[in-house]
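Protein chains in written order, with my numbering: chain A, 181 to 265; chain B, 188 to 356.
Keep in mind that the hints were calculated from the coordinates and are not lab data. Just so it is clear, the structure is predicted and the values come from calculations on it, not from any experiment. Hints may be right or wrong, so weigh each one.
Quick partial rundown of chain B residues pointing at chain A, CB under 7 Å, derived from the structure [said to hold, decoys possible]:
(1) Asp328
(2) Trp340
(3) Glu342
(4) Phe343
Okay, the calculated beta carbon distance ranges per label pair [to be verified]:
(5) B:Asp310 - A:Val245: 47 to 57 Å
(6) A:Ala210 - B:Trp340: 21 to 31 Å
(7) A:Arg202 - B:Arg259: 24 to 34 Å
(8) A:Pro218 - B:Ser316: 39 to 49 Å
(9) A:Met247 - B:Ala327: 49 to 59 Å
(10) A:Ala193 - B:Gly338: 35 to 45 Å
(11) B:Glu207 - A:Ala210: 25 to 35 Å
(12) A:Asp183 - B:Tyr276: 38 to 48 Å
(13) A:Arg202 - B:Val265: 24 to 34 Å
(14) A:Ala251 - B:Val265: 24 to 34 Å
(15) B:Arg257 - A:Asp183: 48 to 58 Å
(16) B:Gly191 - A:Asp183: 27 to 37 Å
Partial list, derived from the structure: chain A residues whose beta carbon lies under 8 Å from chain B [claimed, not checked]:
(17) Phe215
(18) Ile216
(19) His220
(20) Glu241
Each residue gets a CB set at the ideal place from its N, CA and C atoms; glycine is no exception.
Residues per chain, in single letters:
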Amino acid sequence: MSDPDITLYRLQACPFCERVVRSLDEHGLAYRSRFIEPMHSDRNVVKRLTGKRTVPAIVDENTGVTMSESANIVEYLENTYGEGA
Amino acid sequence: MDLGFDVVDLPETDHVAEGERAPDFERPLVTAEYWEDVALSELTDEGPVVLVFHSMDGAFPATYVWNEIRDRGWTDEVTVVGLSISSPYEHKDLIESRGIDARLFSDPANGVAERYDIVNDLDGMAGISEPRPAVFVLDADRVVQYAWVAGEWPEFPDYDAVEAAIEDL
């Protein structure tokens with residue numbers, strides 16, 4: 181199995197996460213999904229990465245970027261991998 | 188164990204046996220913090236693996252097996268992974284409540300047990316089957332070095348025999 185550069189930390193059925201998935205798909209980007217816990221206080225893996233307990237969050241090893249907030253992520257993907265990039 | 192009556196015998200199976208290459212599969216693999224799709228072959232690429240099929244999380248055999256594995260410290264010696272039909276959410280709870288230092292595959296549709304021919308159709312739970320209790324010790328080529336599959340219900344692994352197989356790896 182290939183090892184994609186992008187890891188998406190997501191919560192099942194989270195609309196903000198699905199928004200990021202749509203953007204990843206639109207740009208034809210391979211990604212690995214890691215599903216985390218609904219309980220906010222249990223989201224230590226995301227907290228360690230981004231400093232926050234919110235999802236979605238992505239780690240892009242291609243650029244070294246780690247970020248959260250779906251609007252920011254979608255903008256980042258567009259700027260990095262979109263047609264204008 | 189002498190109960191004074193016969194426990195239920197499970198039918199003969201043509202399960203994956205010693206010397207065979209264990210079928211590969213990909214399922215969500217649950218850690219204490221998250222889950223992601225992982226193939227068994229990704230794990231064996233890193234070295235030997237002990238694959239433990241167990242009853243659904245919450246059933247006492249699952250608790251007993253993981254308590255024993257934890258107390259024997261197998262996870263210090265080798266990569267140990269479990270598999271049951273429980274959802275990733277239940278696996279996370281089991282890992283936490285039993286202090287399990289191992290990752291657990293989630294296979295609610297029981298397809299892996301079908302491929303290994305170790306399906307246990309559960310009497311009185313319509314529409315649900317799960318794997319028979321089973322342990323496979325795999326080398327880095329995914330070849331089965333030791334196999335144990337329950338022939339009775341319930342039945343527990345021969346932990347000493349598994350441990351000997353781990354030492355022989």
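Do the hints match the structure? See the list:
no.: 1; hint: Asp328; result: violated (17 Å)
no.: 2; hint: Trp340; result: violated (32 Å)
no.: 3; hint: Glu342; result: violated (33 Å)
no.: 4; hint: Phe343; result: violated (31 Å)
no.: 5; hint: B:Asp310 - A:Val245: 47 to 57 Å; result: holds (53 Å)
no.: 6; hint: A:Ala210 - B:Trp340: 21 to 31 Å; result: violated (43 Å)
no.: 7; hint: A:Arg202 - B:Arg259: 24 to 34 Å; result: violated (47 Å)
no.: 8; hint: A:Pro218 - B:Ser316: 39 to 49 Å; result: violated (28 Å)
no.: 9; hint: A:Met247 - B:Ala327: 49 to 59 Å; result: violated (37 Å)
no.: 10; hint: A:Ala193 - B:Gly338: 35 to 45 Å; result: holds (41 Å)
no.: 11; hint: B:Glu207 - A:Ala210: 25 to 35 Å; result: holds (33 Å)
no.: 12; hint: A:Asp183 - B:Tyr276: 38 to 48 Å; result: violated (26 Å)
no.: 13; hint: A:Arg202 - B:Val265: 24 to 34 Å; result: violated (41 Å)
no.: 14; hint: A:Ala251 - B:Val265: 24 to 34 Å; result: violated (45 Å)
no.: 15; hint: B:Arg257 - A:Asp183: 48 to 58 Å; result: violated (30 Å)
no.: 16; hint: B:Gly191 - A:Asp183: 27 to 37 Å; result: violated (56 Å)
no.: 17; hint: Phe215; result: holds (5 Å)
no.: 18; hint: Ile216; result: holds (5 Å)
no.: 19; hint: His220; result: violated (14 Å)
no.: 20; hint: Glu241; result: violated (15 Å)
In the structure shown, a violation is registered for the earlier hints numbered 1, 2, 3, 4, 6, 7, 8, 9, 12, 13, 14, 15, 16, 19 and 20, in ascending order.
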